[in-house]
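Colleague: Okay, here's what each chain looks like letter by letter:
Protein chains: 2
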Amino acid sequence: MAEENTVYIGNKPTMNYVLAVVTQFNNGNDHVTIKARGRAISRAVDVAEIVRHRFIQEVSVRDIKIDTEVLKGEGGTQANVSSIEIYMSR
Amino acid sequence: MAEENTVYIGNKPTMNYVLAVVTQFNNGNDHVTIKARGRAISRAVDVAEIVRHRFIQEVSVRDIKIDTEVLKGEGGTQANVSSIEIYMSR
Numbered sequence: 019m020a021e022e023n024t025v026y027i028g029n030k031p032t033m034n035y036v037l038a039v040v041t042q043f044n045n046g047n048d049h050v051t052i053k054a055r056g057r058a059i060s061r062a063v064d065v066a067e068i069v070r071h072r073f074i075q076e077v078s079v080r081d082i083k084i085d086t087e088v089l090k091g092e093g094g095t096q097a098n099v100s101s102i103e104i105y106m107s108r
Numbered sequence: 019m020a021e022e023n024t025v026y027i028g029n030k031p032t033m034n035y036v037l038a039v040v041t042q043f044n045n046g047n048d049h050v051t052i053k054a055r056g057r058a059i060s061r062a063v064d065v066a067e068i069v070r071h072r073f074i075q076e077v078s079v080r081d082i083k084i085d086t087e088v089l090k091g092e093g094g095t096q097a098n099v100s101s102i103e104i105y106m107s108r
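If you're matching them up, the sequences are chains H and E in order. Positions in the first sequence are counted from 1; adding 18 to them yields our numbering. Positions in the second sequence are counted from 1; adding 18 to them yields our numbering.
By construction, these hints were calculated from the structure, which means they are not laboratory data. What you are looking at is a predicted structure, and each value in this text was computed from that prediction instead of being measured. Any given hint might turn out to be false.
[As the list claims (entries may be wrong)] Derived EDC-like pairs: lysine to aspartate or glutamate, alpha-carbon spacing no greater than 16 Å straight-line: (1) E:K83 with H:E103; (2) H:K83 with E:D81; (3) H:K83 with E:E103; (4) E:K83 with H:D81.
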């Protein structure tokens, strides 16, 4: 799946990311992947739900994957953080 | 899927819910469903990841569903909240 079809969810308002996903579909993409880590996971689910209920009804959630990523900090510390990938397509 | 196989994620510490899921599997259940709404969705993903990576390696995530629930408040107000269901089995 090409990187340009991916929307990374951060700490901006939810509707910013909804707009990003809707724009990808309106530009002719058949599928968009929403990715998030940690606390942004809840927002990623919100984005997917708002896109398919309020904006593009023919888009569905095809697959959802969860995983654990290891983040390495300074001094060799490491932290595990959960991640999610939501695959949407029309 | 029977209700007794379901763990609802709230605002308690993550490890409380990890213990609840591990206990279900140790009691002989073959599958457990983790459910959460709103901000607890991120914690639900953490719980699933910790269970399968740190506690019971033969357990896998079989399916993940997301949805929108309509909460009705006093005076007829309503709010949409995202939800997640994570199906785990061995």
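Colleague: Of the hints given before, which are not true for this structure?
Modeller: No numbers; nothing is violated.
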